[in-house]
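A.B. asks: Respectively, the protein sequence lines represent chains A, D and F. Residue 88 in my numbering sits at position 88 of the first sequence, with consecutive numbering throughout. Residue 142 in my numbering sits at position 142 of the second sequence, with consecutive numbering throughout. Residue 5 in my numbering sits at position 5 of the third sequence, with consecutive numbering throughout.
To be clear, the hints were calculated from the coordinates, so they are not data collected in a lab. You may find that some hints are simply not true.
[As the list claims (entries may be wrong)] Partial chain F-side listing against chain D, Cβ under 10 Å, derived:
1. L156
2. Y170
3. D225
[To be verified] What follows is a list of derived Cβ distance ranges for each label pair:
4. D:D33 / A:R149: 55 to 65 Å
5. D:D156 / F:T75: 34 to 44 Å
6. F:R162 / A:Q91: 26 to 36 Å
7. A:N126 / F:P193: 51 to 61 Å
8. A:A194 / D:D156: 55 to 65 Å
9. D:G236 / A:E88: 51 to 61 Å
10. D:V108 / F:D196: 32 to 42 Å
11. F:F231 / A:R130: 40 to 50 Å
For each residue, glycine too, the CB sits at the ideal point set by N, CA and C.
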Amino acid sequence: MTDKPMTAMIDISRAKKTFTMHLQGGVELPVVGGVTFQVQPGECVVLSGPSGAGKSSILKMIFGNYRCDGGRIGIRHQGALVDLASAEPRQILSVRRATIGYVSQFLRAVPRVATIDVVAEPLISNGMARPEAQARAGQLLRRLNIPERLWALPPSTFSGGEQQRVNIARGFISDLPILLLDEPTASLDAANRAVVVELIEQKKRADVAMVAIVHDDEIRHLIADRIVDVTSFASAA
Amino acid sequence: MADNTTAVQDNDQPLMQAEGLGKNYGRLSACRDVSFALYPGEVLAIVGESGSGKSTLLQLLSAQLAPSAGKVSYRMRDGVMRDLAALGEAERRFLFRTDWGYVHQDPVLGLRMAVSAGANVGERLMAVGWNHYGRIRDTATSWLERVEIDVERIDDAPRTYSGGMRQRLQIARNLVTEPRLVFMDEPTGGLDVSVQARLLDLMRNLVSELGLAAIIVTHDLAVARLLSHRVMVMKGGRVIETGLTDQVLDDPREPYTQLLVSSILPA
Amino acid sequence: MNAPVYNFAYLDEQTKRMIRRAILKGIAIPGYQVPFASREMPMPYGWGTGGVQVTAAILGPDDVLKVIDQGSDDTTNAISIRKFFARTAGVATTTATADATVIQTRHRIPEAPLHGGQVLVYQVPIPEPLRFLEPRETETRRMHALGEYGLMHVKLYEDIARFGHIATSYAYPVKVNARYVMDPSPTPKFDNPKMDNCPALQLFGAGREKRIYAIPPYTSVVSLDFEDHPFTRYRFDAPCALCGAGDSYLDEIVTDDQGSRMFVCSDTDYCEGRQAEGHRGSESAAPHKERPHG
Chain A
1 MTDKPMTAMI DISRAKKTFT MHLQGGVELP VVGGVTFQVQ PGECVVLSGP SGAGKSSILK
61 MIFGNYRCDG GRIGIRHQGA LVDLASAEPR QILSVRRATI GYVSQFLRAV PRVATIDVVA
121 EPLISNGMAR PEAQARAGQL LRRLNIPERL WALPPSTFSG GEQQRVNIAR GFISDLPILL
181 LDEPTASLDA ANRAVVVELI EQKKRADVAM VAIVHDDEIR HLIADRIVDV TSFASAA
Chain D
1 MADNTTAVQD NDQPLMQAEG LGKNYGRLSA CRDVSFALYP GEVLAIVGES GSGKSTLLQL
61 LSAQLAPSAG KVSYRMRDGV MRDLAALGEA ERRFLFRTDW GYVHQDPVLG LRMAVSAGAN
121 VGERLMAVGW NHYGRIRDTA TSWLERVEID VERIDDAPRT YSGGMRQRLQ IARNLVTEPR
181 LVFMDEPTGG LDVSVQARLL DLMRNLVSEL GLAAIIVTHD LAVARLLSHR VMVMKGGRVI
241 ETGLTDQVLD DPREPYTQLL VSSILPA
Chain F
1 MNAPVYNFAY LDEQTKRMIR RAILKGIAIP GYQVPFASRE MPMPYGWGTG GVQVTAAILG
61 PDDVLKVIDQ GSDDTTNAIS IRKFFARTAG VATTTATADA TVIQTRHRIP EAPLHGGQVL
121 VYQVPIPEPL RFLEPRETET RRMHALGEYG LMHVKLYEDI ARFGHIATSY AYPVKVNARY
181 VMDPSPTPKF DNPKMDNCPA LQLFGAGREK RIYAIPPYTS VVSLDFEDHP FTRYRFDAPC
241 ALCGAGDSYL DEIVTDDQGS RMFVCSDTDY CEGRQAEGHR GSESAAPHKE RPHG
């Protein structure tokens with residue numbers, strides 16, 4: 001990656017996470033330690049390692065969802081470096097609004113909100129007019145093969161696969177410079193998997209830095225610019 | 001996670017600030033050493049079980065109780081940060097009718113039950129000097145629409161309304177003057193689950209559309225997750241854990257918070 | 001006249017002084033309800049005990065007293081209060097508005113203009129205009145103190161929402177001297193404009209509620225309203241059947257059990273005065289009944 005500019009979007013060093021399970025007599029559950037890697041603009045880093053090695057935890061730490069017990073989670077946010085490990089909640093929210101998007105496997109949708117609005121919401125809350133945001137949401141939903149007749153319905157009534165595609169649309173719709181992808185293609189059929197791969201390619205061309213967890217080897221090879229093995233982080237915990 | 005990232009403005013000036021806030025009743029300490037800053041557009045949930053001091057804290061913050069220790073400051077519309085205890089009663093009441101809202105758990109406490117829905121919504125406007133019936137009524141009508149109350153019911157008194165409608169009416173009555181800060185005390189308590197979901201959804205949209213700051217007292221972590229950006233967990237009158245809502249709920253640190261979180265029935 | 005066991009005008013001098021202090025405070029703060037230690041009077045509450053105490057406290061031997069009830073000098077209530085003061089104070093009484101120095105009234109303001117030096121004493125059942133919507137006395141007092149009168153408009157709003165216009169037709173709230181909102185007692189709103197900039201002193205006494213309030217002479221009294229629903233006077237659209245007056249407040253009198261009715265001046269003194277001047281209405285009791293012709 002030497003041809004990439006050396007202003008990393010994500011710069012993690014020696015990040016550490018331990019769970020203390022107070023309800024189980026205060027058992028300490030080390031998850032990861034010494035997590036260190038960087039992600040450049042336009043680069044997709046795929047985390048690999050066996051299940052339980054802490055891939056999801058690392059993703060959640062980068063999003064500020066899990067708190068760090070040590071180290072640094074550097075995020076380039078609006079031109080400055082913010083350390084999410086020590087940031088104020090307000091800063092984390094600001095980072096999430098303007099810099100980091102997260103596409104999880106599961107949709108946590110609010111009841112009664114129409115699919116089109118679920119997808120358009122990130123744009124609207126960043127100040128885009130509703131009709132324009134809905135138009136873009138519609139394009140993305142069409143691409144992900146969600147039939148137009150479903151757009152006005154809340155996604156809570158949809159099948160698991162449909163819900164996941166709605167969630168992907170919501171995750172990919174905004175122009176955030178960092179995207180975290182947690183199994184974006186799990187349980188998708190081949191056609192939709194291809195769409196997601198395409199969307200990721202598009203984001204790379206737009207210089208978006210991505211960290212992904214993907215179990216499907218084929219997809220991993222299609223999207224990964226670099227693979228970071230988290231096994232060593234788990235043993236360092 | 002990640003669903004509540006809307007509407008926090010990049011505003012570096014806190015709207016409200018609590019410093020070392022405490023309230024004693026004789027030797028009993030209902031609330032101790034609470035400090036935090038609330039920013040414009042930010043929704044803060046105060047969670048904890050009955051007797052944790054969360055309701056006392058809400059009353060301190062909304063200047064309905066005088067603190068035994070510490071102080072609460074509020075940034076008035078002119079941009080000046082004022083100590084609530086130093087406000088005159090007229091100023092405090094004016095604040096309550098204009099720049100603040102207060103949504104009670106029991107709508108009977110927040111509504112005039114014998115007066116029509118339209119007048120309930122219009123009262124705050126009339127209190128700040130609106131003197132044109134037609135405009136008051138138009139504004140009340142549009143607020144009833146916003147809170148999904150059939151405008152045909154505008155001349156009915158809320159005692160003829162269902163619990164969910166009453167609560168939505170109470171919200172309209174509070175928001176009509178476009179306050180910057182709304183206090184909510186268990187806003188969904190006492191409602192059926194289906195009615196709760198609709199109300200939560202409505203509140204969530206209104207808060208984000210209006211860029212409201214809100215302080216919500218609730219024992220229901222689902223309410224906190226859906227509505228708030230930030231959570232303070234209270235126990236025995238103290239704030240024992242605080243942070244981003246999804247951080248505290250997905251990665252709770254304190255034993256009591258872990259207990260609270262683990263007590264939620266899966267949705 | 002001969003009732004030597006009673007002090008002049010029934011009340012003892014200490015009580016009168018207490019009431020006069022309340023009256024003076026009321027005059028100093030126009031429209032403000034001053035609490036006073038209302039006494040038991042030899043008549044039931046609701047019969048004007050507040051007005052009677054105010055009258056007793058201000059009456060002097062040279063005063064000329066007029067008492068009206070709904071505009072009439074000859075109803076039971078008016079007659080008994082007039083007789084009460086004739087006996088306990090020995091003052092002269094009259095039915096002529098212009099001749100009276102003190103006029104105690106229930107529910108009307110005389111049609112004839114009042115003049116300087118006169119005192120109009122109102123009997124008041126419920127002095128608190130905010131009571132309709134706010135039952136707590138502590139809260140209404142605070143609202144008066146802080147000038148929070150939005151609630152008054154809520155009442156007017158309700159009227160318009162329900163009836164299409166402000167249907168409150170008596171006890172219509174007013175703002176006195178641009179400060180206190182006041183209940184003008186259950187006078188018809190037709191009389192409200194007469195309170196504004198009135199040369200006479202207006203005193204209000206509520207015996208059961210133990211409140212006195214006042215409007216000094218030449219004080220502004222504004223009826224509350226909305227820009228798009230302004231205050232309007234209301235009277236039946238008919239001339240008085242007895243004196244033909246087209247500008248007076250009328251009572252509706254049912255004359256038989258067939259539904260026949262007529263409208264006559266509620267102010268009996270005004271009506272009789274006009275009839276004495278030769279004015280006639282359609283049902284005039286005058287010896288030769290004639291219709292005006294051109």
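A.B. asks: None of the hints should be skipped; say for each whether it holds.
C.D. replies: Each hint tested on the structure:
1. L156: holds, 8 Å
2. Y170: With a minimum Cβ separation of about 21 Å from chain D (threshold 10 Å), the hint on Y170 (chain F) is violated.
3. D225: holds, 8 Å
4. D:D33 / A:R149: 55 to 65 Å: holds, 56 Å
5. D:D156 / F:T75: 34 to 44 Å: Once the Cβ atoms are compared, 41 Å apart, the range 34 to 44 Å for T75 (chain F) and D156 (chain D) holds.
6. F:R162 / A:Q91: 26 to 36 Å: violated, 54 Å
7. A:N126 / F:P193: 51 to 61 Å: holds, 59 Å
8. A:A194 / D:D156: 55 to 65 Å: holds, 57 Å
9. D:G236 / A:E88: 51 to 61 Å: Violated - the Cβ-Cβ distance for G236 (chain D) and E88 (chain A), about 26 Å, lies outside 51 to 61 Å.
10. D:V108 / F:D196: 32 to 42 Å: holds, 40 Å
11. F:F231 / A:R130: 40 to 50 Å: holds, 45 Å
The structure fails hints 2, 6, 9 (numbered hints given earlier, in ascending order).
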